[in-house]
Amino acid sequence: MTVVVGPSGSGKSTLLRLCNRLEAPSSGTVRFHGADVAGLEPLRLRRRVGMVFQRPTPFAGTVRDNLRIARPDVADEDAKEALERADLAQARRLADFVLVLTGGRIEFIGAADEAASREFLDEQ
Amino acid sequence: MSSDIGWSGLAVSLVLVAVAVALSFWRRLGLERTMAWASARALAQLLAVGVALDLVLDPGRTLAWSWLWVVAMVVVAATVVHLRAREIPGLFPLALAAFSVATAISLMVLFGLGVFELDGRTLIPLAGLTIGNSMAATVLVARRVFEELRDKREEVEARLALGHTSADAARPYLRSGLRTALIPQIETTKAVGLVVLPGAMTGLILAGVDPIDAVRVQAAVMFLILGAVATATTVVGLGVSRRLFTPDHRLVRMERPAEG
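Chains as they are written, first to last, in the numbering used here: chain B, 1 to 124; chain A, 1 to 260.
Every clue listed holds true.
Here chain B is said to cover these stretches of chain A; the calculated rule only asks that three of the stretch's residues, wherever they fall, bring their Cβ under 8 Å from a Cβ of chain B:
no. : region
1   : 153–160
2   : 237–251
Pulled from the structure, derived: some chain B residues nowhere near chain A, Cβ distances all over 12 Å:
no. : residue
3   : T29
4   : H33
5   : R85
6   : D87
Calculated from the structure, these hints are not laboratory results. Predicted, not measured: the structure shown is a model, and the values here were computed from it. We put the CB at the ideal spot given by N, CA and C, even for glycine.
From just these sequences and the hints, can you work out the full model?
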C-alpha cells in the first residue's frame, strides 16, 4: 500500500486525478505500470483504476440504481455480493433510497412509500 | 373590412404609451424615459423593416432577396444568443447551426409538402417565426446544460471515473436542460386559444380573414414553432455538452461568474 500525505492544497487529489486521466498534465508524463497514461484508452483505464473521491457523490435513486451506474447489467445477486464485500449488506437493501444532505452526508432511507412519507431537514 | 389603421390611427395608438408613461410618473417608477425610448425605437425599427420588406417583396424582385433576408435573420439570431450567454464557449457557431437546421427542416416541410406556397410573403414571416420563437429556448438550454455540468462537476466526474463516455456522463444533465427549455413551449401550445389569441391568428382576424382560415394558419404555425424549438434546442444542447468535454473524456474547467 502506498500512502500519499500532504497539507491541503498540496496536490494529492490532483495526483490521483492524473492517474485516471480526469486531469491532463501540463508537462511531464504519468505512468501506469510503466506505460504513459496519455497513450492508454481513458475509458478502459478508468474501469481498471477504481477511484474513491474525498466527498462521496451518490446519484439520485436507490442503492441498486447507484450500482447500475457502474455496471448497467448488474444482477441482483452480484449487487448483493458487492454490498457484502463493502460491509454494507446488513444495513442496506437494494431498494433503499440514497439521499445526500448538505455537507456531503449520505442518508439511506427505506422503501419508496417510506421515502414519500418522511420529511428531511437539512443541516447547513 | 379594413385592416389599414392609417398614420392617424398609429398616432392615436401612442395614447396608450402615454398611459403607461403617466402611470410610471404617478407611481414614481422612473421608467418614463425608458418606455418612451423603447416605444420610439420599436416604431423606428418596424418602419425600417417595413420599408426593407416592401423593397424585398416587390413582385418584380427575385426570391433570392428573400432568401438573403432569411440568412441575415439566422446570423442576427445567433449573434443575439451568443451575446446573451457569453460565458458559454463556442456558442455562436452552435446557434448558427441550430437556427440553420431548424429553419431548413421547417421550410422543407412547409414548402416541400405544399402547406404554404413558396413566395417572399410566406418565406420571410415563416422563417422569422421559426427563428424568433427558438431564440429564448436556445439561450435557456445552453445556459442550463452549461450550469448543470459546471455545478454538478463531482457527479459528472464520478460517472467518468466509473468509465462512462462523456456522452453518457452528460446525458442526464442534457436531458434535464432540454426538458426545461421545451416545457414552456409545450405549455404555450396546450393553452393556445384558451387565454391568448396568438399573434398570427390575431393579425389575420384583424386583417379581415375568416376565423376558421386564421385558425388553420395558426395551428400550422404552432406546430412549426414546436418543431423548430425542439430542433434548435437539441442541436445547441448536444453541441454545448460536447464542447464541455475533451476528446479523451475529461470535463473542461468552467469558471463561475464573480459574485454580485
